[in-house]
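Engineer: Each chain, letter by letter, is given below.
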Amino acid sequence: ETGVTQTPRHLVMGMTNKKSLKCEQHLGHNAMYWYKQSAKKPLELMFVYNFKEQTENNSVPSRFSPECPNSSHLFLHLHTLQPEDSALYLCASSQDLSGGALQETQYFGPGTRLLVL
Amino acid sequence: EDQVTQSPEALRLQEGESSSLNCSYTVSGLRGLFWYRQDPGKGPEFLFTLYSAGEEKEKERLKATLTKKESFLHITAPKPEDSATYLCAVRPAGNQFYFGTGTSLTVIP
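Keeping their order, the protein sequence lines are chains A and B. One point on numbering: in my numbering, the residue at position 85 of the first sequence is 85, and numbering is uninterrupted. One point on numbering: in my numbering, the residue at position 94 of the second sequence is 94, and numbering is uninterrupted.
There's no promise every hint is true.
What the hints assert, rightly or not - What the simulated footprint calls covered on chain B by chain A, stretch by stretch (three residues with Cβ under 8 Å from a Cβ of chain A suffice, anywhere in the stretch; the number is not a length):
id: 1; segment: 44-55
id: 2; segment: 92-100
To be verified - Straight-line distance between alpha carbons at most 16 Å, and here's what the computed EDC-like set of lysine to aspartate or glutamate pairs gives:
id: 3; chain 1: A; residue 1: K40; chain 2: B; residue 2: E9
id: 4; chain 1: A; residue 1: K41; chain 2: B; residue 2: E17
id: 5; chain 1: A; residue 1: K40; chain 2: B; residue 2: D39
id: 6; chain 1: B; residue 1: K63; chain 2: B; residue 2: E17
Claimed, not checked - Selected chain A positions facing chain B (in silico; Cβ < 7 Å):
id: 7; residue: M15
id: 8; residue: M46
id: 9; residue: V48
id: 10; residue: F51
id: 11; residue: E53
id: 12; residue: T55
id: 13; residue: V60
id: 14; residue: H79
id: 15; residue: P83
id: 16; residue: D85
id: 17; residue: A87
id: 18; residue: L90
id: 19; residue: A101
id: 20; residue: F108
id: 21; residue: G109
Rather than coming from a laboratory, the hints here were simulated on the basis of the structure. Since we're looking at a predicted model, the values are computed, not measured. Even for Gly, the Cβ is constructed at its ideal location relative to N, Cα and C.
Build the full structure now, drawing on both the sequences and the hints.
Structural biologist: Structure, rendered in structure tokens:
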């Protein structure tokens, strides 16, 4: 409904597994974002891509690896995760990062609920 | 240090009882302030973008205002379907976005 889809919606993985989260936007946007949302904490910006180029990596552990093959798709590759990585992972997109507030308004997907055992 | 604080943390209103949610911020060079609504188990839904002091935006029972230090989300005559968590986010200079922890609103019929 928002034009941003995420799969899977729910994921349970062990600490030794490797999995990937997928995000696709149908809004014609050029910037995409990964956020982590944990209970009682504000959304934490993890990665930012603008025109397929990574512009921000907010000190995210290397067990999280993003990939942006084109402006419509964003992946988050997961490996050797810890239980504290359990959270809701949200993808968002915006027109771009051109400096205008309207262009930088983000639209979110429904999220992937991740549980690490 | 860039910071966003939302208050109150939780708010219970009777249907029709108007109130306001607050988002105060300290950022270097505000480029935009955003309000979102989030329902349980869902992603945030965009409501408003504000980018200059004095600006106001309205949508149905919601009205957002912005000053140099804070933003208010006014809810007029709320209905039970307005129950949700309301999030505020700011965009300072640099490619960062900072969110507050949200206000959980419950509207009782």
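Engineer: Count the residues of the segment 92-100 of chain B whose Cβ falls closer than 8 Å to any Cβ of chain A, and tell me whether that reaches three.
Structural biologist: holds (count 6)
Engineer: Given L90/A as an interface hint, is its Cβ closer than 7 Å to any Cβ of chain B?
Structural biologist: OK, holds: L90/A within 7 Å of chain B, min 5 Å.
Engineer: Quick check on M46/A please, does its C-beta sit within 7 Å of some C-beta on chain B?
Structural biologist: M46/A check fails; min Cβ-Cβ to chain B is 11 Å, beyond 7 Å.
Engineer: Is the hint on T55/A kept, meaning its closest Cβ partner in chain B is under 7 Å away?
Structural biologist: This interface hint holds because 5 Å falls under the 7 Å limit.
Engineer: V60/A was flagged as interface toward chain B. Is the shortest Cβ-Cβ separation under 7 Å?
Structural biologist: violated (13 Å)
Engineer: Do the numbers back the hint for A101/A, that is, is its least Cβ distance to chain B under 7 Å?
Structural biologist: With a closest approach of 3 Å, the A101/A hint holds.
Engineer: Min Cβ distance, E53/A to chain B: is it shorter than 7 Å?
Structural biologist: It is violated, given that the least Cβ distance between E53/A and chain B is near 11 Å, above 7 Å.
Engineer: Holds or violated: K41/A and E17/B, Cα atoms, limit 16 Å.
Structural biologist: This hinted pair is violated, its Cα atoms lying about 28 Å apart.
Engineer: Counting residues of the segment 44-55 of chain B whose CB is closer than 8 Å to a CB in chain A, do you get three or more?
Structural biologist: holds (count 6)
Engineer: Once the shortest beta carbon distance from H79/A to chain B is found, is it less than 7 Å?
Structural biologist: violated (24 Å)
Engineer: Given P83/A was flagged as interface, is its beta-carbon under 7 Å from a beta-carbon of chain B?
Structural biologist: violated (21 Å)
Engineer: Would the hint on D85/A be counted as holding, given a Cβ-Cβ threshold of 7 Å to chain B?
Structural biologist: The hint is violated - D85/A has no Cβ within 7 Å of chain B, the shortest such distance being about 19 Å.
Checked against the numbered hints given earlier, the structure breaks hints 4, 7, 8, 10, 11, 13, 14, 15, 16, 17 and satisfies all the rest.
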